[in-house]
Amino acid sequence: MMMLSGDPPRSRVLTLLLVVIILALAATPFLFPGAKALNVAAKICVFAALVASYDLLLGYTGSVSFAHTMFYGIGSYAIAIALYGMGPNWAAVATGIVTGLPLAALLALAIGLFSLRVAAIFFAMITLAVASAFQVLASQLSWLTGGEDGRSFQLPELLRPGTVLISKNLFGFEINGRILTFYLVFAISALMILALLRVVNSPFGRVLQAIRENRFRAEALGFRTVFHLTYANCLAALVAASAGILNALWLRYAGPDTSLSFSIMLDILLMVVIGGMGTIYGAIIGATIFILAQNYLQSLMGVASKAASEAGLPLLPGLLHPDRWLLWLGLLFIASVYFFPTGVVGRLRHGGGKKTAGPSH
Amino acid sequence: MTDLAATDPLPKPKRDIAPVLLPIALALLMIPLIGSTSSWLTLTVASLAMGMMIFIMASGLTLVFGLMDVLNFGHGAFIAVGAYVATLVLAPFAASIQADSLWMNLAVLAPAALLSMAVSGALGLVVERVLILPVYGQHLKQILMTTGGLIVAEQTLYALWGPQIIPMPLPASLRGSFILGDVAIAKYRVLAMLIGLAVFIAIQLVLNRTKLGLLIRAGVENREMVEALGYRIRRLFLGVFMTGSALAGLGGVMWALYREQVHASMSDDLTVLIFIVVIIGGLGSIGGCFIGAILVAMVANYGGFLVPKLALVSNILLMVAILMWRPRGLYAVTSR
Numbered sequence: 001m002m003m004l005s006g007d008p009p010r011s012r013v014l015t016l017l018l019v020v021i022i023l024a025l026a027a028t029p030f031l032f033p034g035a036k037a038l039n040v041a042a043k044i045c046v047f048a049a050l051v052a053s054y055d056l057l058l059g060y061t062g063s064v065s066f067a068h069t070m071f072y073g074i075g076s077y078a079i080a081i082a083l084y085g086m087g088p089n090w091a092a093v094a095t096g097i098v099t100g101l102p103l104a105a106l107l108a109l110a111i112g113l114f115s116l117r118v119a120a121i122f123f124a125m126i127t128l129a130v131a132s133a134f135q136v137l138a139s140q141l142s143w144l145t146g147g148e149d150g151r152s153f154q155l156p157e158l159l160r161p162g163t164v165l166i167s168k169n170l171f172g173f174e175i176n177g178r179i180l181t182f183y184l185v186f187a188i189s190a191l192m193i194l195a196l197l198r199v200v201n202s203p204f205g206r207v208l209q210a211i212r213e214n215r216f217r218a219e220a221l222g223f224r225t226v227f228h229l230t231y232a233n234c235l236a237a238l239v240a241a242s243a244g245i246l247n248a249l250w251l252r253y254a255g256p257d258t259s260l261s262f263s264i265m266l267d268i269l270l271m272v273v274i275g276g277m278g279t280i281y282g283a284i285i286g287a288t289i290f291i292l293a294q295n296y297l298q299s300l301m302g303v304a305s306k307a308a309s310e311a312g313l314p315l316l317p318g319l320l321h322p323d324r325w326l327l328w329l330g331l332l333f334i335a336s337v338y339f340f341p342t343g344v345v346g347r348l349r350h351g352g353g354k355k356t357a358g359p360s361h
Numbered sequence: 001m002t003d004l005a006a007t008d009p010l011p012k013p014k015r016d017i018a019p020v021l022l023p024i025a026l027a028l029l030m031i032p033l034i035g036s037t038s039s040w041l042t043l044t045v046a047s048l049a050m051g052m053m054i055f056i057m058a059s060g061l062t063l064v065f066g067l068m069d070v071l072n073f074g075h076g077a078f079i080a081v082g083a084y085v086a087t088l089v090l091a092p093f094a095a096s097i098q099a100d101s102l103w104m105n106l107a108v109l110a111p112a113a114l115l116s117m118a119v120s121g122a123l124g125l126v127v128e129r130v131l132i133l134p135v136y137g138q139h140l141k142q143i144l145m146t147t148g149g150l151i152v153a154e155q156t157l158y159a160l161w162g163p164q165i166i167p168m169p170l171p172a173s174l175r176g177s178f179i180l181g182d183v184a185i186a187k188y189r190v191l192a193m194l195i196g197l198a199v200f201i202a203i204q205l206v207l208n209r210t211k212l213g214l215l216i217r218a219g220v221e222n223r224e225m226v227e228a229l230g231y232r233i234r235r236l237f238l239g240v241f242m243t244g245s246a247l248a249g250l251g252g253v254m255w256a257l258y259r260e261q262v263h264a265s266m267s268d269d270l271t272v273l274i275f276i277v278v279i280i281g282g283l284g285s286i287g288g289c290f291i292g293a294i295l296v297a298m299v300a301n302y303g304g305f306l307v308p309k310l311a312l313v314s315n316i317l318l319m320v321a322i323l324m325w326r327p328r329g330l331y332a333v334t335s336r
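Protein chains in written order, with the working numbering: chain A, 1 to 361; chain B, 1 to 336.
It should be emphasised that the hints constitute simulated quantities derived from the structure, not laboratory data.
Taking CB as the label site, the calculated pair distances span: (1) R206(A) to L133(B): 25 to 35 Å; (2) F340(A) to V190(B): 46 to 56 Å; (3) N39(A) to G137(B): 41 to 51 Å.
Partner residues are not named here, just some residues of chain B that face chain A (Cβ under 10 Å, in silico): (4) P134; (5) T147; (6) V152; (7) A159; (8) L160; (9) D268; (10) F275; (11) L283.
Just so you know, even glycine gets a beta-carbon here, dropped at the ideal spot from N, CA and C.
Construct the complete structure from the given sequences, taking the supplied hints into account.
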């Protein structure tokens with residue numbers, strides 16, 4: 001209970017689901033052989049943390065930011081540029097961290113302070129504009145960021161797949177640098193999610209919820225909403241940048257497609273909405289469902305598309321083509337806002353969903 | 001107490017002309033910076049043409065927001081749909097597009113543009129009924145819903161037309177430039193400016209000279225009051241939404257001809273530009289939207305000429321500067 005900051009899942013099915021997901025993730029290197037399974041598991045970990053940080057904004061303060069991938073990208077690029085420029089050593093990793101995190105926090109502060117000057121309604125539009133400018137900037141400054149190609153780099157010795165830590169004949173499994181990296185990603189993501197759980201259940205988190213429900217009343221109660229909102233923005237940006245660092249470390253690469261593109265932003269939005277806004281746990285569920293679907297459903301769609309084109313059906317092959325999977329995602333997105341506004345977690349907690357846990361607007 | 005005679009004119013709000021002077025001052029300021037008068041004229045005409053096209057696309061969005069407090073993140077979809085629909089007409093009649101006769105070209109272009117407007121307007125009807133009606137008054141859900149709608153529309157376009165870029169050549173008679181002395185002015189830009197001005201004047205006339213316009217303006221200022229007077233503002237809003245969507249479709253056709261290509265992702269960049277224009281102009285203000293569009297286009301054109309590196313972030317800088325001056329946009333119409 002201490003670890004969960006007094007905010008347990010509050011539903012048996014949900015608890016079971018979470019335990020299964022976390023155990024499966026933790027045991028992936030041993031249960032599911034192959035590089036793909038490990039990649040999927042690492043991506044779920046990174047995105048669970050990233051989505052949880054977005055939930056802090058969307059679910060707890062009720063502000064829609066489209067700049068979250070920007071912070072994610074800052075983390076990714078900071079570590080990638082540092083490791084690319086300084087070579088694969090721990091000093092470079094440290095440099096990436098101490099430049100990336102403050103940069104993300106400062107930028108979040110700047111956006112927060114600026115958009116607080118204007119009407120709250122502008123926030124989503126302003127973040128969208130800033131994020132798209134940043135994306136263009138990252139692809140134009142190719143001497144620094146590698147442009148569209150991005151930056152590939154080597155990890156320090158300890159984290160490389162070639163480094164055998166415990167040889168196979170001891171346990172029957174080989175523990176190498178790659179698996180160590182996976183557990184690094186797993187542990188840090190888990191810590192960040194627990195920390196976010198702590199934040200939202202602190203008095204600070206309660207104020208955020210009060211602001212979400214009614215900003216005027218929160219202000220009338222004497223809370224400095226400007227301070228709280230900006231602080232929440234900076235916290236979310238820090239976690240997002242850390243998730244970006246983990247992602248870059250895992251992929252050994254940072255580029256516009258993996259860390260900055262607008263489609264990642266949409267993925268994050270979708271994961272929060274599917275999982276359940278304003279719950280933090282929803283992030284884990286949403287990220288797991290979404291990434292499993294992304295990695296395994298697409299191949300199913302390819303099969304379906306082929307079958308449809310062989311059966312000579314019009315239009316269907318085009319609609320079912322694996323590249324069109326975003327189409328179904330968009331439909332799912334609309335459907336979940338329609339029928340499922342509290343997401344999986346809200347549904348599980350409240351059965352029929354009479355009382356809503358998420359924000360009403 | 002002052003005496004008011006019946007013949008006295010009604011008290012009028014003071015005209016606020018500072019925003020109008022802004023683009024003029026900016027243009028004049030650029031003359032010495034750019035140096036040559038001919039390139040300044042070319043750039044100015046280019047900015048005016050680009051600004052008019054952006055204005056056509058953005059005008060619907062600003063009214064939709066002002067009137068109904070609806071944040072439509074899917075506005076870009078209407079732009080792309082408009083452009084794609086135009087290819088349906090323009091591709092089969094490629095021969096008359098390439099014929100060097102203005103009337104033959106316009107005979108194909110006009111129906112193409114009208115069809116685009118009709119289709120995007122009809123799509124606007126569907127979007128308003130299906131996506132926006134259930135989430136009135138809930139900004140968060142509006143953003144989510146319309147973002148989802150944008151994805152679906154974009155992907156459907158890909159599924160129907162394929163992911164490749166479709167070329168959309170300018171009609172023969174609109175290619176090339178008018179040469180005045182040593183100044184070259186592209187013919188299509190003149191046409192774009194004329195259409196943009198016509199749309200602006202038409203919207204202003206409807207808003208300021210008709211009862212419908214009076215209701216719309218009243219609705220922007222105070223929705224509940226208009227409802228209390230017995231007008232069905234939802235229906236009014238549906239009309240505005242459809243008109244806005246149709247205008248976005250028209251803007252899409254014009255933009256596609258300007259760039260001479262059509263692609264589903266064209267809506268992404270334009271959406272950002274349009275948002276900036278709407279924010280700068282002040283939500284719900286047509287005049288502000290018009291000035292904002294011209295300012296954005298001027299900054300893009302002059303900036304791209306003077307400091308190409310700056311062009312990437314110039315729009316953001318412009319937005320920051322304007323909002324520092326007037327936090328609610330050039331003209332704050334709504335009470336929100």
